[in-house]
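Going down the list, the protein sequences come from chains A, B, C, D, E and F.
Quick note: the first sequence uses full-length UniProt numbering, first residue 1, plus one each step.
Quick note: the second sequence uses full-length UniProt numbering, first residue 1, plus one each step.
Quick note: the third sequence uses full-length UniProt numbering, first residue 1, plus one each step.
Quick note: the fourth sequence uses full-length UniProt numbering, first residue 1, plus one each step.
Quick note: the fifth sequence uses full-length UniProt numbering, first residue 1, plus one each step.
Quick note: the sixth sequence uses full-length UniProt numbering, first residue 1, plus one each step.
Hint data in this document are derived by calculation from the structure and do not stem from the laboratory.
Quick reminder that beta carbons are idealized off the backbone N, C-alpha and C, glycines included.
A portion of the hints provided could be inaccurate.
Claimed, not checked - Pairwise CB distance ranges, derived in the manner of DEER restraints:
1) F:ALA19 - B:SER59: 43 to 51 Å
2) A:SER47 - F:GLY11: 21 to 29 Å
3) F:SER47 - C:ASP15: 24 to 32 Å
Stated by the list, open to error - Lysine-lysine pairs mimicking DSSO-like chemistry, simulated, CA-CA at most 27 Å apart:
4) F:LYS7 - E:LYS7
5) A:LYS56 - B:LYS18
6) B:LYS48 - B:LYS18
7) F:LYS23 - A:LYS23
8) C:LYS36 - D:LYS36
Number of protein chains: 6
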Amino acid sequence: MPYVNVKMLEGRSEDQKKALVEKVTDAVVETTGASKEKVVVFIEEMSKNHYAVAGKRLSDED
Amino acid sequence: MPYVNVKMLEGRSEDQKKALVEKVTDAVVETTGASKEKVVVFIEEMSKNHYAVAGKRLSDED
Amino acid sequence: MPYVNVKMLEGRSEDQKKALVEKVTDAVVETTGASKEKVVVFIEEMSKNHYAVAGKRLSDED
Amino acid sequence: MPYVNVKMLEGRSEDQKKALVEKVTDAVVETTGASKEKVVVFIEEMSKNHYAVAGKRLSDED
Amino acid sequence: MPYVNVKMLEGRSEDQKKALVEKVTDAVVETTGASKEKVVVFIEEMSKNHYAVAGKRLSDED
Amino acid sequence: MPYVNVKMLEGRSEDQKKALVEKVTDAVVETTGASKEKVVVFIEEMSKNHYAVAGKRLSDED
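Chain A extracted, bound-state conformation (with noise of 0.2 Å):
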């Protein structure tokens, strides 16, 4: 606890993956109080093709 969601397109880096729940993680810690060992953060991904704003899905687009 807390517990952060992120919900993004697919197609980052593993890379990108490693240091975003990094920097998430540093970032709840300092603004909570919450002690690093209890956050958890699940990364979850779309496709194109679940995605729409606007009424029109990502992989609709021109």
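Using the hints provided, position chains B, C, D, E and F relative to the given structure of chain A.
Showing chains B, C, D, E and F alone in chain A's frame:
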């Protein structure tokens, strides 16, 4: 904003998903007054072995 | 099934919410072929101090 | 209703998942008074590179 | 890990909720082999005006 | 996009929440390359009687 998540069994076609996000977005705009550009829709698919009703997974049904 | 979650800022009227679930359900039935009795809609409201874009909460905007 | 989501690392067998949804459903029925037919269980699997504790992904552990 | 979320209508007593998290945790431990200390359960309550089946909110039923 | 959800116990101050969304947003921008205006952060608070570890709610601890 609003953010809409539609969780359903896998198997719909791309045409169905395309129509789904269009119509759901229109429904949200019409009823909430949100501007269309701000409506986000996510599609989340489940497989039959990860979904159970009454303690029985769909993949275990006869 | 399908299960739809609509996350939005608090403040819509009961009439708007009632219409929202009706229209969204119709949109899902029309486009996915699901039977109406199986469509579930959840509304999830956020307050302005729990929602941020570009690092700034809505409650902190001028 | 109730709707139960179980998020866990991938790797459990089909027999484990089958037993999981059965036992969790029974536990919910017994303690909440919900009728069994109304209890829904979703299983959501994570991979080790999408799950981090203390800023470190499971896939990055030695 | 595992992380279990139970979404249900508000109105259960504290004793019911206490029993719910105990029994669900036991069910998860028994069937997944996870150690008990690692099982996390969240309860998420809904009000009747934020939950709809077949396009109709529970708060709008006769 | 990305969409970040931070679930934590209630009780943090407004200043802590304000700093939390700022720092988390910066961490996401720095590591994923997303543009700042597209990063969304939600805060989701739990009460102690709705959160359990090892089958025991925080509200039931001595």
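Which hints, by number, does the structure contradict? 2
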